[in-house]
Amino acid sequence: MTPIRHGTRFWRQGEPLVWATGGTLAFVLLSTVLLIGVVLVHGLGVFWPSPVAEITLADGTRFHGQQVQTETHPGTGGVSVQFKTANRELDPQRLDFRWVAQEALHRLDYPADVMVVERLENGSFFGCLERVDAAGLDLPADVPVLEQLVAALTAVRSERAARIAPLAAQIQTLNRELQRVQDTLLRLRYRRQRSVEQPDAAADANATCDAAIARAAARQQELQARSDELGAEQRAVAAALRQATAVFRLPSGDTHNVAVADMVRVWQPNAMSVWAKCRHYAAKVWELLSDEPRESNTEGGLFPAIFGTVMLVFLMAITCFPLGVVAGVYLGEYAREGPLVKTVRIAVNNLAGVPSIVYGIFGLGFFVYGIGRLLDEWFYPHLVEANKMVFGTGGLLWASLTLGLLTVPVVIVSTEEAIRTIPQGVRASSLALGATKFQTLVRVLLPMSSPGIMTGFILAMARAAGEVAPLMITGVVKLAPTLPVDTQFPYFHPDRKFMHLGFHIFDIGFQSPNVEASKPMVFVTTFLLVLIVLVMSSVAIYLRNSMRRRFQSRDI
Amino acid sequence: MPLTVQKTTARVKRHDRVARWVITLGGLVVIASVIAILVLIVGVAVPLFRSATIHELARGPLPPALKSADVLAIGIDLPAGNAAGAVHVLARDGAMSFLAVGDWSPLLRREIEPPAGSTARQVRAVERHNGWRYTLTWDDGSLSLVEVTSNAEFDAAGRRTTRWDLHTLAESAGEGDGVPELALMRHGPEGTIAVRLFAGGLLAVSRVVVTENLLGDQETSTSTQTIDVHDLDRITAMTADSTGRTLYIGNDAGCLARWVFDEEGAVQTREIVRAFPDRRAVTALAMVLGDISLAVGDDRGELTTWFTVRVGEKRALTRIHALAAHASVVREIVASTRNKSVWSLGELGTLHWDHMTSERNLLQLSGAQPLVQFGCAPQGHALVALDVTGQLTAWGCQAAHPEASWRTLFGRVHYEGYDEPAFTWQTTGGDDFEPKYSLVPLLFGTLKGTCYAMFFAVPLALFSAVYTAHFTTPAFKRTVKPVVEIMAAIPSVVIGFLVALWLAPLLERWIIAVFLSLLTMPAVFLAFMGIWQLLRRWDACRRVENGYEFLVLVPVLLVGAALAAAWAGWVESAVFDGSFSQWLYQNLGVRMDQRNALIIAFGLGFAVIPIVFSIAEDALSAVPHSLTAASMAVGASRWQTLWRIILPSASPGIFAGVMIGFGRAVGETMIVLMATGNTPLIDLSPFNGMRTLSANIAVEMPEAPVGGTLYRVLFLCAVILFILTFALNTTAEVVRQRLRKRFGRL
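For the protein sequence lines, the chains are U and A, in the order given. Counting with the working numbering, you get residues 1 to 556 for the letters of the first sequence. Counting with the working numbering, you get residues 1 to 746 for the letters of the second sequence.
Hints are not guaranteed to be accurate.
[Said to hold, decoys possible] What follows is a set of in silico ranges between Cβ atoms, one per label pair, in the way DEER data are often shown:
| id | chain 1 | residue 1 | chain 2 | residue 2 | range |
| --- | --- | --- | --- | --- | --- |
| 1 | A | LEU526 | U | ARG62 | 45 to 55 angstroms |
| 2 | A | VAL483 | U | LEU44 | 18 to 28 angstroms |
| 3 | A | ARG542 | U | VAL539 | 35 to 45 angstroms |
| 4 | A | TRP570 | U | THR8 | 55 to 65 angstroms |
| 5 | A | GLU313 | U | ASN122 | 26 to 36 angstroms |
| 6 | U | ARG62 | A | GLU313 | 54 to 64 angstroms |
| 7 | U | ASP91 | A | ALA475 | 50 to 60 angstroms |
| 8 | A | PRO482 | U | GLY425 | 24 to 34 angstroms |
| 9 | U | VAL274 | A | ASP577 | 42 to 52 angstroms |
| 10 | A | ARG50 | U | PRO481 | 51 to 61 angstroms |
| 11 | A | ALA32 | U | TRP11 | 53 to 63 angstroms |
| 12 | A | SER626 | U | GLU337 | 23 to 33 angstroms |
| 13 | U | TRP11 | A | THR731 | 36 to 46 angstroms |
[As the list claims (entries may be wrong)] No farther apart than 20 angstroms at their CA atoms in a straight line, the calculated lysine to aspartate or glutamate pairs in the DMTMM-like style are these:
| id | chain 1 | residue 1 | chain 2 | residue 2 |
| --- | --- | --- | --- | --- |
| 14 | A | LYS741 | U | GLU417 |
| 15 | U | LYS277 | U | GLU71 |
| 16 | U | LYS284 | U | GLU295 |
| 17 | U | LYS519 | U | GLU71 |
| 18 | A | LYS67 | A | ASP16 |
| 19 | A | LYS481 | U | GLU417 |
| 20 | U | LYS437 | A | ASP16 |
| 21 | U | LYS478 | U | GLU287 |
| 22 | U | LYS342 | U | ASP254 |
| 23 | U | LYS497 | U | ASP376 |
| 24 | U | LYS478 | A | GLU416 |
| 25 | U | LYS519 | A | GLU508 |
| 26 | U | LYS84 | U | ASP109 |
| 27 | U | LYS437 | U | GLU417 |
| 28 | U | LYS437 | U | ASP376 |
| 29 | U | LYS519 | U | GLU295 |
| 30 | U | LYS497 | U | GLU292 |
| 31 | U | LYS277 | U | ASP113 |
| 32 | A | LYS314 | A | GLU416 |
| 33 | U | LYS478 | A | GLU703 |
| 34 | A | LYS314 | A | ASP419 |
| 35 | A | LYS741 | U | GLU337 |
| 36 | U | LYS497 | A | ASP618 |
| 37 | A | LYS477 | A | ASP618 |
| 38 | A | LYS314 | A | GLU271 |
| 39 | U | LYS388 | A | GLU416 |
| 40 | U | LYS84 | U | GLU295 |
Think of the hints as simulated: they come from the structure by calculation, not from any bench. Glycine is no exception: its CB is placed at the ideal position from the N, C-alpha and C atoms.
In isolation and in its complexed conformation, chain U is listed as follows:
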């Protein structure tokens, strides 16, 4: 065989086309890796304390900044560098990012004393600490300024815990009481209104009602006044705490004051050891998982969103699984094979392909405006009269029922498949031993098919955790003031609005005024969501594969 003939055969037999198909697979796998990689790189790096440089430009301007990324313009080949400059309030356009052309950069220094201050407002602050002005606080005088600042932070925090926290708790109790009184008032007024429309109502009943209304109104005013008073006191204390400030020196030579009360944490990234950076990282991750969001969701934690997602998936699971399993068992074991069952099977398979937004619309029309409004009219007519909705507006319950409906087909299909893969011999043996159909089902078939059913459950939960579109019209919000579970009777409030990781991504990525500053948080949220979903699906796939192997190896 000569090399040339060898070559032509290579082309003639279509070998390069086989290679081309291999190339597309390589492309698909590469882009998957790229996608996951982008999420990992951006998501994991957010909390690592990166060094802050003192940048001197060619024209003599100096400022502090963290290098974020560099970009090469494909046309001109010019390289520009993006720095996070923080100090938003000092920028005329209130921006905390800045692009600088590579040629304009004169030098970058990394002085050890640059401090990053994470604040409650205006993003973070970069500067060199000069002194701490805290006349009201008893601070050690003969120690370095950094220790003074740490002492001041501790002092302010303990002061806040001692003086503001009890006030806040009191205000919260008052507000709850106020809400109860307002509810009573609305109820009474509604009753009074109704008796006006019915002329045969007893006059003395009306009088009692009027008296009750007057009492409730007086109580409401009293509570409101007390609440306002406490609020003023709280504000006064907070203002007093804000007296303590730290003075920072900026590279431009100016100084800037930051109130100690505004600080969340401070660190000097250029002087930190790896161990200290790891501790900082862990602290930030803990904050992410356990804290409330700040600064229109671009800082702080994700706890309410994580909690909302978990509650949503949990509620979805307890509504959709029983239904899905029952329907799957019916299709797999009880339904007699025929055109009807065939149609039903196609319909169920189809339901899995119906767009999620259609389920959302259905949830809105049926659950929220249908059942919800009906429940409100039955149980809260006084609130309906005042145009306040309890169940008649989007909420956790309706969103989870909608998602339940969305994921039911997944559970049905996997249950049916799991039951059908069990060899016919198993059923025959069980029935031959005298077991009824139900006994066979409960004692033999369901346990045997449980990994398959579990797979369906987990896949359904993964889908529910990542689905956002139907939630957007059935009750998810960007910032929920209260969790669906709290210490207030009846402790669980399925009617409340809730937060969700997926919607969080959409909201801060697309509705935030400062897109650049919110990017790190979006990537962290994305990372968390991808992690949850991927772990769940991996477990499901592993379970399914192990089940397949079990049935393949055993021949009954």
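Chain A: place on chain U using the hints.
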């Protein structure tokens, strides 16, 4: 002992029976809910097309104090809830009587005084606009502009009552020129305008402007100008917009004329249009809500609407909509103050209710006797009419969604302010805004996004599936399937976010590199193939062809991409003058959006690839091994086996995969919501964004009032999506089941 066994058996049997029932019921409930979903969303959308309803509220003769020949105008007010309504009747003697709806008992009577110094005793004619504003022309030529008001009040017991009253807004004393043939007054914060048309073709426009000087005192300035219009004689109808700045006139020879006055009262524009070549007489004019469209009734009974459209440099009054024609001369047109609908009364006494935008004839009412006068409630839910015999009838009427029709949803409509008919989706605007509910841009956007995504995804997914199913090693196949399944599980919100915020800016800068890589990647691949046919002589290399080709190709692809990136700058400066987007705009007039169809192709394609891949791979793997073996045994190469044997057998399954992928792309919401910019355009360009049906629902639903037209149109969008995906999936499923049957037999 036997007894226990029997008992146990009985219990077990009972359990079995109960379980059978419960499970069957549960199964059927789930299936019923499937149908319920469709029924519910269709049920919400259907009222869009429901025609208007009408029911009689009261009927009876006018009170004896009022003579039907003396009635000049009537109107009705029907407050919400079950509060009592009232009809007001303006009589020739200048008295407005309010009658209770029901028995027509008099509630209130208000005498309208003629302007000071006037000697008038009777009202000659009445012109109405803006609901309940009436211009009275007295028999000495002076004018009064009055308005009927309705205020809700609560009495001591908390009951809701309504108080009606009459206010004189403005007056204009006649100046001894005699009685005008037609007259109207308009009143606003800027001042008052009175227009009188005298026989012989003289138009007198007098303006009273109230201005506030620096000291805060109010100054009143009056000016009158006369316009000679005798060339238009004989003028038969006249109306003006609510500010009085634009005046419309129609004559008996089919002409329409338009004057626009500037702030000082000088004529800014004068336009005369030969509206009807057949010289028919214009018999009634009225402004449709929003003061843009003019409704014109003529002596052939036709009802048309007109507004100015740009023709060359100028704007010309153009006929836009033709509404349902009357059998006789149109006598009066009254515009709704709620929406773009008009009421019109024909000479033979039939009443029409038409919506302008949708050209829907909502209602045709011909009483037992011809109607001579009518009026409607401002909310558009009640109607009152007087017939020739003096019977006064009140109706409650309802047209919930007059602006929706098959024509407005799916056809081209000439909207106000547009120069030509268009498919437009635009739902928010001011109170008198004309909502535009064309679903065509949304359907177009959905198909555009889906097709771009499928062009990207289908080849990749199918080729990958082919390779995985037939050319790779079994061990790798077992790994790649779960990886693709995990890819399918990535939430679409994540893909959407990455594509919109990470990929889109990147692609904007590297667009040339992306196009170049379409050339460099195949070129590098072909070059590599050339090298490979030499390399494969070595056994070590030959072993790669046992299913590891794709690993070798990874660096090859990377080299192709790197070459594209390296040359992108050079190409952009050499071919496109340094900036591709500017070049595109200057040479092709295409604006490049950052969030465009290419981005959607990547994002949506990425979401679709795993689905198409899984199904196609299943179908390809299901082809019995005996077929492959037989083909290879007779000497076919592995590609020939695939092309001639496996692909034809598996093609229904592959088709099913593509269909299901298409269905998924059609309904995908988050990716398109985040990465398209959501502008409802009809433009095939890959550099523009779009708005899809699903994203439209997500964008507009939070602002749609429950039960409103927008709400129902959005449900209609959902119905379309449901039916579209259901059809696609059913086709796919039927094809798949056929396939299964076929290979079941083999």
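Quick rundown of the hints versus the structure:
Range check, LEU526 (chain A) to ARG62 (chain U): about 54 angstroms between beta-carbon atoms, so the 45 to 55 angstroms window is met. Separation of VAL483 (chain A) from LEU44 (chain U) is about 21 angstroms and conforms to the stated range, judged on CB atoms against 18 to 28 angstroms. The supplied range of 35 to 45 angstroms is met by ARG542 (chain A) and VAL539 (chain U), whose beta-carbon atoms lie about 40 angstroms from each other. Checked against the given bound of 55 to 65 angstroms, the beta carbons of TRP570 (chain A) and THR8 (chain U), roughly 36 angstroms apart, lie outside it.
The hint said 26 to 36 angstroms for the Cβ distance between GLU313 (chain A) and ASN122 (chain U), and at roughly 54 angstroms that hint is violated. Evaluation of the 54 to 64 angstroms hint for ARG62 (chain U) and GLU313 (chain A) yields a pass: the beta carbon distance comes to about 58 angstroms. The beta-carbon spacing between ASP91 (chain U) and ALA475 (chain A), approximately 57 angstroms, falls within the hinted interval of 50 to 60 angstroms. As the Cβ distance of PRO482 (chain A) to GLY425 (chain U) is approximately 29 angstroms, the hint placing it in 24 to 34 angstroms holds.
A beta carbon spacing of about 50 angstroms between VAL274 (chain U) and ASP577 (chain A) agrees with the range 42 to 52 angstroms that was offered as a hint. Our hint of 51 to 61 angstroms for ARG50 (chain A) and PRO481 (chain U) is violated, since their Cβ atoms are close to 41 angstroms apart. One distance hint, 53 to 63 angstroms for the beta-carbon pair ALA32 (chain A) and TRP11 (chain U), holds here, with the actual separation near 59 angstroms. In this structure the supplied range 23 to 33 angstroms holds for SER626 (chain A) paired with GLU337 (chain U), their Cβ-Cβ distance being about 28 angstroms.
Look at TRP11 (chain U) against THR731 (chain A): about 38 angstroms separates their beta carbons, and that is inside 36 to 46 angstroms. With a C-alpha separation of about 17 angstroms, the suggested pairing of LYS741 (chain A) with GLU417 (chain U) holds against the 20 angstroms cut-off. Restraint check: the Cα-Cα separation between LYS277 (chain U) and GLU71 (chain U) comes to about 27 angstroms, which exceeds 20 angstroms; the hinted pair is violated. Proximity of LYS284 (chain U) to GLU295 (chain U) is assessed by CA-CA distance (about 16 angstroms); at most 20 angstroms being required, the pair is judged to hold.
Note on LYS519 (chain U) and GLU71 (chain U): the hinted pairing holds, with a Cα-Cα distance of about 17 angstroms set against a maximum of 20 angstroms. Among the hinted pairs, LYS67 (chain A) with ASP16 (chain A) is inconsistent with the structure: their alpha-carbon atoms are about 83 angstroms apart, more than 20 angstroms. With a CA separation close to 18 angstroms, the supplied pair LYS481 (chain A) and GLU417 (chain U) stays within the 20 angstroms bound. Between LYS437 (chain U) and ASP16 (chain A) the alpha-carbon distance is near 7 angstroms, which keeps this suggested pair within the 20 angstroms criterion.
Note on LYS478 (chain U) and GLU287 (chain U): the hinted pairing holds, with a Cα-Cα distance of about 19 angstroms set against a maximum of 20 angstroms. Restraint check: the Cα-Cα separation between LYS342 (chain U) and ASP254 (chain U) comes to about 78 angstroms, which exceeds 20 angstroms; the hinted pair is violated. Simply put, LYS497 (chain U) and ASP376 (chain U) have alpha-carbon atoms about 16 angstroms apart, close enough for the 20 angstroms limit, and the pair holds. For the proposed pair LYS478 (chain U) and GLU416 (chain A), the alpha carbon gap of about 37 angstroms is over 20 angstroms, so the pair is violated.
Of the pairs offered as hints, the one joining LYS519 (chain U) and GLU508 (chain A) holds, with about 19 angstroms between alpha carbons and a cut-off of 20 angstroms not exceeded. For a cut-off of 20 angstroms, the pair hint linking LYS84 (chain U) to ASP109 (chain U) stands: about 15 angstroms separates their Cα positions. Restraint check: the Cα-Cα separation between LYS437 (chain U) and GLU417 (chain U) comes to about 18 angstroms, which is no more than 20 angstroms; the hinted pair holds. Proximity of LYS437 (chain U) to ASP376 (chain U) is assessed by CA-CA distance (about 44 angstroms); at most 20 angstroms being required, the pair is judged violated.
With a C-alpha separation of about 13 angstroms, the suggested pairing of LYS519 (chain U) with GLU295 (chain U) holds against the 20 angstroms cut-off. Proximity of LYS497 (chain U) to GLU292 (chain U) is assessed by CA-CA distance (about 16 angstroms); at most 20 angstroms being required, the pair is judged to hold. This hinted pair checks out: LYS277 (chain U) and ASP113 (chain U) have alpha carbons roughly 16 angstroms apart, not beyond 20 angstroms. At roughly 17 angstroms between alpha-carbon atoms, LYS314 (chain A) and GLU416 (chain A) fall within 20 angstroms of each other, so this suggested pair holds.
Among the hinted pairs, LYS478 (chain U) with GLU703 (chain A) is consistent with the structure: their alpha-carbon atoms are about 16 angstroms apart, no more than 20 angstroms. Only pairs whose Cα atoms come within 20 angstroms are accepted, and LYS314 (chain A) paired with ASP419 (chain A) is accepted, the gap being roughly 12 angstroms. Using a Cα cut-off of 20 angstroms, the hinted pair LYS741 (chain A) and GLU337 (chain U) holds, with the two alpha carbons roughly 15 angstroms apart. The straight-line distance between the Cα atoms of LYS497 (chain U) and ASP618 (chain A) is roughly 42 angstroms, outside the 20 angstroms bound, and the hint therefore fails.
For the proposed pair LYS477 (chain A) and ASP618 (chain A), the alpha carbon gap of about 12 angstroms is at most 20 angstroms, so the pair holds. With a C-alpha separation of about 10 angstroms, the suggested pair LYS314 (chain A) and GLU271 (chain A) falls inside the 20 angstroms cut-off, and the hint holds. Pair hint LYS388 (chain U) plus GLU416 (chain A) does not hold up; C-alpha atoms about 38 angstroms apart against a cutoff of 20 angstroms. Note on LYS84 (chain U) and GLU295 (chain U): the hinted pairing holds, with a Cα-Cα distance of about 17 angstroms set against a maximum of 20 angstroms.
Of the numbered hints given earlier, the model fails hints 4, 5, 10, 15, 18, 22, 24, 28, 36, 39; all others are met.
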